[in-house]
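Starting from the known structure of chain A, fit chain B onto it as the hints suggest.
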Amino acid sequence: MNEEVKSKNRRLFFGYVTLILLYVLPYILGLFQGTWRGVPLLLLWMMTLSFSFVVLTVIGYFHVFVDWSKDVDALIDKEEISK
Amino acid sequence: MTIIIIVFVCIFILKNVFIAIQSNKESTQNTSAEYYLSNNSVSWVGLGFTMFASWMSVWAYLGAPGAYYGQGLEWLLTHGFTGVGTPLLLWFIGRKMWFLGKKNGYITPGDLLADFHKSKYVRLLTGLISIAALIPYCLVQLIGIGKVVASSTGGDIPFWIGVVVAGLVIAFYSYTGGIKAVIKTDIYQGILFGIVMIVVASIVLFQAGGFLEGMGQSFALKPHLFIPDQAKIGVPLTSMFMWSLGFIVLPHLWQRTYMAKSSEELSKAILLSSVLSGLFITFPACIIGLISIGLIPGLLDVDLLMPTLISQYFTYGLPFLVVGAFAAGMSTVDSQLLTASSVMVRDIVEPLLNIKLSKKREKTVGRLFVLAFVILLVSVALSPTGQGNIIIIAGKGISIALVSAVPLLFPLMLNIRSKWGGIVSLTVGLIATILLEFNIVDLQFPRHFGPAVLVFLLEIILYYLFYLIEKLFWIRNIIKMH
Chain A
1 MNEEVKSKNR
11 RLFFGYVTLI
21 LLYVLPYILG
31 LFQGTWRGVP
41 LLLLWMMTLS
51 FSFVVLTVIG
61 YFHVFVDWSK
71 DVDALIDKEE
81 ISK
Chain B
84 MTIIIIVFVC
94 IFILKNVFIA
104 IQSNKESTQN
114 TSAEYYLSNN
124 SVSWVGLGFT
134 MFASWMSVWA
144 YLGAPGAYYG
154 QGLEWLLTHG
164 FTGVGTPLLL
174 WFIGRKMWFL
184 GKKNGYITPG
194 DLLADFHKSK
204 YVRLLTGLIS
214 IAALIPYCLV
224 QLIGIGKVVA
234 SSTGGDIPFW
244 IGVVVAGLVI
254 AFYSYTGGIK
264 AVIKTDIYQG
274 ILFGIVMIVV
284 ASIVLFQAGG
294 FLEGMGQSFA
304 LKPHLFIPDQ
314 AKIGVPLTSM
324 FMWSLGFIVL
334 PHLWQRTYMA
344 KSSEELSKAI
354 LLSSVLSGLF
364 ITFPACIIGL
374 ISIGLIPGLL
384 DVDLLMPTLI
394 SQYFTYGLPF
404 LVVGAFAAGM
414 STVDSQLLTA
424 SSVMVRDIVE
434 PLLNIKLSKK
444 REKTVGRLFV
454 LAFVILLVSV
464 ALSPTGQGNI
474 IIIAGKGISI
484 ALVSAVPLLF
494 PLMLNIRSKW
504 GGIVSLTVGL
514 IATILLEFNI
524 VDLQFPRHFG
534 PAVLVFLLEI
544 ILYYLFYLIE
554 KLFWIRNIIK
564 MH
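First to last, the protein sequences are chains A and B. Taken in order, the first sequence gives residues 1 to 83; the numbers are from our numbering. Taken in order, the second sequence gives residues 84 to 565; the numbers are from our numbering.
Hint data in this document are derived by calculation from the structure and do not stem from the laboratory. Honestly, I wouldn't trust all of these hints.
[Said to hold, decoys possible] Distance condition first, Cα-Cα at most 20 Å in a straight line; then the derived EDC-like pairs of lysine to aspartate or glutamate:
| # | chain 1 | residue 1 | chain 2 | residue 2 |
| --- | --- | --- | --- | --- |
| 1 | A | K8 | B | E347 |
| 2 | A | K70 | B | E347 |
| 3 | B | K179 | A | E4 |
| 4 | B | K344 | A | D67 |
[As the list claims (entries may be wrong)] Partner residues are not named here, just some residues of chain B that face chain A (Cβ under 7 Å, in silico):
| # | residue |
| --- | --- |
| 5 | L159 |
| 6 | P170 |
| 7 | P311 |
| 8 | E347 |
| 9 | S350 |
| 10 | L354 |
We put the beta carbon where it would ideally sit given N, CA and C, even for glycine.
So here's chain A without its partners, still in its complex pose (with noise of 0.2 Å):
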């Protein structure tokens, strides 16, 4: 793997562990115990995070995993590794 790829990787998974502490600290801290319109503020919270994981996955594949997946390909290619 070269190194754009392997840094562009990186960014993505600190960028999922960014979001998973965003998720989890809140509901295991307590916080946001108040309402918007009578909803909890906490379940908007999590639901929120919960479409942004599936947000950062669309932008994981064009941004990151495009070029990870040419880059094995081609070493398999190369290596002719096949069953």
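Using the frame of chain A, we list chain B on its own:
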């Protein structure tokens, strides 16, 4: 209405039978690699849908809305996380498994772990864990189908008929068509139950007068379901850990990481599966379950939330609900059956009898095991032990599957390999999980953390300890030689 439901189910079943026969005709090589993995040549659409449909089974279709209804935010922490848990694991762990599978021609989880640890016992233990994990997980699919059929027809068709019919059809098309039939059926079954989830969520939103109105009513009625219980924080954290890591170690999903034609197809499949899971399951289930707290309070069996909602607000939707339940359950059991049969042949029968079956013989023995496994599942589903809450039973299967996570992650991610670490951690992990999950030993953990997390930590310690001991002996031998 019962007649209409029967007609819908018959059309659905005939479609699956037709696909199985067609796939059998298309089979050219008659080998186990073709039967179980379609010769590692599955395209991203097929792989994405089969990952989605095999993971998002009856537990997602019936169990998840019910779990939101019964547990509130606690379940959102788990279920909302699967949207990141699954792609994260597949991107960073699954693609390595795929690469090794492609390179070495792996078929089962035991192939990979035995190769890592160079041990026949690791293969055997992985095989036992895989079968033990698949039994409860398969069971909930049949139980779910039986429950929906009985509830939607008002008891005209009893629970046992639903279970037996689903078992027979799955056995037929898995036996006949192999993985090709499973992937083809998974595509349209996935679309079908995804649409049902969206339709039910829309009905619930409409009945409640919108998202904010509905959630507000539910919060006003049961506020405690929307406030985290700090004293029991271990419960949702354990289930979050289980239901995310479980995705990669459940044997039928593990096997799916081997199937992709190329890494590009695998990447696209991961994207497709994750987006489908998020948009068609996680969000609709969350809306259905949480808004229903205020909409239909007092429901006792939470697994019946979906049929209750449809009966109450959209009676003509019942046939679609029943067919959706068949689709959700069957798309998972068929995959699991094929995995169980490959595991039985390659990881249990061959190492135990010390023989190597030919590729054609492997396929034949595997097919016979498919039939035997279905008979076992139907019998357990109809016995009193088979009754219970869908999420709880499925969770036990995932907890057992997690036993193989440590011997997978150490060599794969950290390049740390220990033969005895593998054997000991798998043995101790399996025994401890069975003792704790089935309440043979009753232990209370701090903050209500569940057995899965504790067993995982115990396995990490054991694996690393044996790795250090093996390294010490290796250094000693080197010194002696010099």
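Hints, verified against the model:
1. Only pairs whose Cα atoms come within 20 Å are accepted, and A/K8 paired with B/E347 is accepted, the gap being roughly 17 Å.
2. Our distance criterion of 20 Å between C-alpha atoms is met by A/K70 and B/E347, whose separation comes to about 7 Å.
3. For the given pair, B/K179 sits about 19 Å from A/E4 by alpha-carbon distance, which is consistent with the 20 Å threshold.
4. Note on B/K344 and A/D67: the hinted pairing holds, with a Cα-Cα distance of about 17 Å set against a maximum of 20 Å.
5. Hint status for B/L159 relative to chain A: holds, with the closest Cβ pair at about 5 Å, below 7 Å.
6. Nearest Cβ of chain A to the Cβ of B/P170: about 4 Å, under the 7 Å cut. The hint holds.
7. A distance limit of 7 Å between C-beta atoms decides the matter here; for B/P311 the minimum to chain A is near 5 Å, and the interface restraint holds.
8. Proximity of B/E347 to chain A holds as hinted, the smallest CB-CB distance being about 4 Å (cut-off 7 Å).
9. Because the beta carbon of B/S350 sits about 4 Å from the nearest beta carbon in chain A, less than 7 Å, this interface hint is met.
10. Annotation: interface hint on B/L354 holds; nearest CB of chain A at approximately 4 Å, less than 7 Å.
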